[in-house]
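Enquirer: Order-wise, the sequence lines are chains A and B.
For the first sequence, the numbering used here gives the first residue as 1, with consecutive numbering after it.
For the second sequence, the numbering used here gives the first residue as 1, with consecutive numbering after it.
In case anyone wonders, no lab produced these hints; they're calculated from the structure.
Any given hint could be a false lead.
What the simulated footprint calls covered on chain A by chain B, stretch by stretch (three residues with Cβ under 8 Å from a Cβ of chain B suffice, anywhere in the stretch; the number is not a length) [as the list claims (entries may be wrong)]:
#1 185 to 195
#2 252 to 263
Listed below are the simulated DSSO-like cross-link pairs for lysine-lysine, each with C-alpha atoms no more than 30 Å apart in a straight line [as the list claims (entries may be wrong)]:
#3 B/LYS62 / B/LYS243
#4 A/LYS332 / B/LYS145
#5 B/LYS94 / B/LYS279
#6 A/LYS264 / B/LYS145
#7 B/LYS279 / B/LYS243
#8 A/LYS200 / B/LYS243
#9 A/LYS226 / A/LYS200
#10 B/LYS62 / A/LYS332
#11 B/LYS145 / B/LYS194
#12 B/LYS279 / B/LYS145
#13 B/LYS94 / B/LYS194
#14 B/LYS243 / A/LYS332
#15 A/LYS226 / B/LYS243
#16 A/LYS264 / B/LYS243
#17 B/LYS62 / B/LYS145
#18 A/LYS264 / A/LYS332
#19 B/LYS243 / B/LYS94
#20 B/LYS62 / A/LYS226
#21 B/LYS62 / B/LYS94
#22 B/LYS194 / A/LYS264
Derived, one-sided and incomplete: chain B residues facing chain A with beta-carbon distance under 10 Å [to be verified]:
#23 ALA16
#24 GLN20
#25 GLU24
#26 VAL33
#27 LEU43
#28 GLY51
#29 VAL55
#30 GLU191
#31 ARG195
#32 ALA244
#33 ARG271
#34 LYS279
#35 SER282
#36 ASP283
#37 ARG292
We put the beta carbon where it would ideally sit given N, CA and C, even for glycine.
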Amino acid sequence: MSVVEHGLPGHLVAFVGALRRHGVAVGPGETIDAARVLGALDLVHREHLREGLAAALLRRSGQRQAFDTLFDLYWPAALGAGSGEVEVPRIDDADDGPVDVDALRDVLAELLRDGDTEALEELARAVVDALGRAGGVGTGIRGLAGQPTWSAYQSLRMLSPETLLAQILADLRGPDVPEGSFAEEVLRREIRDRIAVFRKMITDEVRRRTAELRGRDQVARSAVPKQIEQVEFLSAHAEQLAQLRRTVQPLARRLASRLAVRRKHAKRGEIDMRRTLRRSMSTGGVPMRPAYRTRRPGRPELVILCDVSGSVAGFSHFTLLLVQALREQFSKVRVFAFVERADEVTHLFAPGAELSGVMQRVLREADLVAFDGHSDYGGSLGGFAEQWGGAITSRTSLLILGDGRTNYRDPNLTVLRRLVGVARHAHWLNPEPRRQWGSGDSAALRYADVLPMHECRTAAQLAAVVEALLPV
Amino acid sequence: MQFVNLPQAPLFGSVAEVGQRLAEVGYLASTAVATTVFLADRLGKPLLVEGPAGVGKTELAKAVAAATESGLVRLQCYEGIDEARALYEWNHAKQLLRITAGQGRESWDETRDDVFSEEFLLPRPLLTAIRRTEPTVLLVDEIDKADVEVEGLLLEVLSDFQVTVPEMGTVTAARRPFAVLTSNSTRELSEALKRRCLFLHLDFPDADLERRIVLARVPELAEQLVDALVRTVRVLRGLELRKAPSVAETIDWGRTLLALGLDTLDDDAVRATLGVVLKHQSDAVKAAAELRLN
């Protein structure tokens with residue numbers, strides 16, 4: 001661990017620096033506030049310190065996750081193994097012997113059943129320490145050259161807390177809760193949540209111990225979760241995608257209210273020359289009463305053509321949800337999905353429809369696959385133009401979602417050019433980083449010649465692009 | 001950077017005391033809330049509370065007022081609110097009367113000085129809060145509903161606790177009010193405003209706290225039932241719903257069960273009363289499917 005210069009203020013500045021590196025914009029003013037927080041609070045209470053610093057340094061709720069992780073790194077609850085009440089069972093009860101995994105799982109099951117958070121936290125600490133030093137039975141994951149290694153993956157695989165679910169459920173259910181009932185389902189989800197919390201405890205603990213070993217700054221750089229709107233669609237895992245989907249409604253509301261402001265400002269002050277001159281006739285050609293142009297908010301029809309193949313499904317789903325939430329901005333929305341060929345799926349996005357599992361329904365119910373299930377942009381565009389070409393009119397905005405990876409098939413630029421020519425506006429949203437466009441089987445650059453293509457790697461980027469595209 | 005350091009005794013002695021005194025007036029505060037309220041008082045900064053509807057943002061301001069025996073001055077924001085509604089206004093009618101009454105007897109200079117004085121000023125919430133000499137809690141409710149221009153107005157009030165009236169000069173706070181701003185985050189507030197405040201994201205409380213809140217609000221409910229209620233609501237929040245139920249809904253649900261005379265939360269009871277917690281039809285359908293209510 002590096003020696004902290006300048007004492008507590010120096011430490012605070014280092015912490016603020018780490019926050020900035022993770023995209024939390026903290027100004028000097030906020031840092032001063034944080035220092036005053038340190039002065040005002042009793043530093044014995046770690047949770048008070050955590051909340052106090054959060055109040056002074058954070059400005060948006062999405063920053064909390066990164067903050068919490070960094071806080072645990074910079075203001076750790078304990079050093080080294082700490083001292084806990086919970087004992088990790090060992091083979092033959094030897095003090096530094098290998099861990100008895102079965103007995104350990106029993107202890108874990110018991111604690112999970114009681115939902116005892118504090119004991120679980122101590123167990124996590126003890127488990128990481130014991131497994132890192134001594135390893136489990138027959139696994140031999142010992143650190144090299146006497147150095148302990150901490151690995152969340154190893155610890156969790158050995159404990160595999162998920163497999164305890166059925167056992168705990170059976171313990172807790174008791175005789176008065178019938179199988180398959182509502183109460184059982186609630187119970188099951190509760191236990192699943194507790195297990196998820198325990199997993200996170202292990203990960204946090206490993207991060208803390210690794211930081212002690214390898215230096216805080218290195219861990220802070222690599223192991224801190226990104227803010228959710230900065231997560232790239234293409235590399236996001238299921239949990240992050242679910243988290244992203246939760247942000248759709250607030251995001252849509254924000255976009256809509258920003259749009260309302262833009263409209264209000266755009267309405268002011270354009271003079272209608274023709275009508276002003278016509279009016280001036282009654283005052284002898286002097287324009288006494290200027291006539292203003294009235295704007296009707298244009299509500300275009302929107303046609304979305306989206307690639308739903310595995311690689312970009314997460315991105316397409318999020319974008320469709322966002323468009324759906326912004327439905328009032330359009331007079332009509334039609335959604336077409338494609339993999340190898342296109343099919344209309346508008347009916348799955350009807351108002352009030354349940355949308356979190358909609359992608360599975362799209363893949364199941366629509367006719368999208370012909371041979372191998374790899375996306376075929378050219379074929380899909382051709383089929384779309386043939387069957388639903390009439391959907392694109394001079395009032396339509398066309399939005400295409402996809403990475404433009406054609407699997408070396410014909411991109412069918414002619415048809416796309418024709419569609420773009422008919423539509424009022426056409427845009428392509430691509431979840432791949434710009435530098436990868438055109439590499440390998442990507443026809444993105446060739447498509448980008450036909451219509452404007454926007455890079456939408458993260459929710460933040462997508463929001464900015466959608467806001468710019470929305471009609472004033 | 002400018003700080004207001006009025007010689008003023010702090011309202012609270014410690015974080016624990018904040019929690020305790022808020023609890024005495026019926027507001028059960030989490031660590032985050034107690035700590036932030038304590039700091040807002042100590043550092044003399046306004047408190048910006050953000051979070052979903054129904055978690056007790058406005059209640060917090062009321063509770064602080066009650067706990068510290070301060071007067072509550074409330075500015076409810078809405079679209080189109082302006083200076084005249086938020087800060088102050090000149091009483092034009094009275095000014096005209098005064099001018100007519102003094103006609104022919106006094107000079108223009110005298111009249112002008114007199115017409116723009118204290119007597120003809122109509123204070124609105126912000127000015128009222130600044131001028132009060134008793135302890136005051138200033139609540140600016142739903143600031144995100146107001147237009148961006150109003151935030152500009154608030155900057156002077158919130159950072160220096162003063163209001164400038166061009167005709168009279170600057171009115172500085174005799175006693176710094178405890179300012180609370182609430183927002184549903186329907187839009188991003190400006191950085192300038194956020195920087196002047198301490199930020200508190202008020203989320204759904206943890207299980208234990210929620211249990212105590214429901215028990216405090218609906219004391220007639222059996223403890224067992226409250227436990228089942230809170231656990232179910234937490235599971236509902238875990239689903240991907242359009243509108244997750246908040247504390248207010250949990251309390252409503254408790255009251256509903258009480259009114260219907262139900263004392264256990266079994267399948268039938270949930271099916272009959274799910275509409276109290278889930279306000280969208282699609283949410284209710286989804287919850288029923290996922291929780292095997294059919």
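Enquirer: So, for every hint listed, does it hold in this structure?
Expert: Hints, one by one, checked against the model:
1. 185 to 195: Three-residue rule met by the stretch 185 to 195 of chain A, so holds; n is 5.
2. 252 to 263: Answer holds; 5 residues pass the 8 Å Cβ test.
3. B/LYS62 / B/LYS243: holds (25 Å)
4. A/LYS332 / B/LYS145: Since the Cα atoms of A/LYS332 and B/LYS145 sit roughly 28 Å apart, the hinted pair holds (cutoff 30 Å).
5. B/LYS94 / B/LYS279: violated (50 Å)
6. A/LYS264 / B/LYS145: holds (15 Å)
7. B/LYS279 / B/LYS243: holds (7 Å)
8. A/LYS200 / B/LYS243: holds (26 Å)
9. A/LYS226 / A/LYS200: holds (15 Å)
10. B/LYS62 / A/LYS332: violated (45 Å)
11. B/LYS145 / B/LYS194: With a Cα-Cα distance of about 15 Å, the restraint between B/LYS145 and B/LYS194 holds, given a limit of 30 Å.
12. B/LYS279 / B/LYS145: Status holds; Cα separation ~22 Å.
13. B/LYS94 / B/LYS194: Violated, because 39 Å separates the two Cα atoms, which is more than 30 Å.
14. B/LYS243 / A/LYS332: holds (25 Å)
15. A/LYS226 / B/LYS243: Distance ~25 Å between A/LYS226 and B/LYS243 Cα, so the pair holds.
16. A/LYS264 / B/LYS243: holds (29 Å)
17. B/LYS62 / B/LYS145: Cα-Cα ~20 Å, so holds.
18. A/LYS264 / A/LYS332: This hinted pair holds, its Cα atoms lying about 23 Å apart.
19. B/LYS243 / B/LYS94: Violated - the C-alpha atoms of B/LYS94 and B/LYS243 are around 50 Å apart, more than 30 Å.
20. B/LYS62 / A/LYS226: Cα-Cα ~36 Å, so violated.
21. B/LYS62 / B/LYS94: violated (35 Å)
22. B/LYS194 / A/LYS264: Holds, at roughly 25 Å.
23. ALA16: With Cβ-Cβ at 9 Å, under 10 Å, it holds.
24. GLN20: violated (14 Å)
25. GLU24: violated (20 Å)
26. VAL33: holds (8 Å)
27. LEU43: holds (5 Å)
28. GLY51: It holds, given that the least Cβ distance between B/GLY51 and chain A is near 8 Å, below 10 Å.
29. VAL55: violated (12 Å)
30. GLU191: Given a least distance of 7 Å, the restraint on B/GLU191 holds.
31. ARG195: Check passed: Cβ of B/ARG195 comes within 6 Å of chain A, closer than 10 Å.
32. ALA244: Since chain A brings a Cβ to about 9 Å from B/ALA244, closer than 10 Å, the hint holds.
33. ARG271: holds (8 Å)
34. LYS279: violated (12 Å)
35. SER282: holds (5 Å)
36. ASP283: holds (9 Å)
37. ARG292: holds (5 Å)
Hint check: violations occur at hints 5, 10, 13, 19, 20, 21, 24, 25, 29 and 34; the rest are consistent with the structure.
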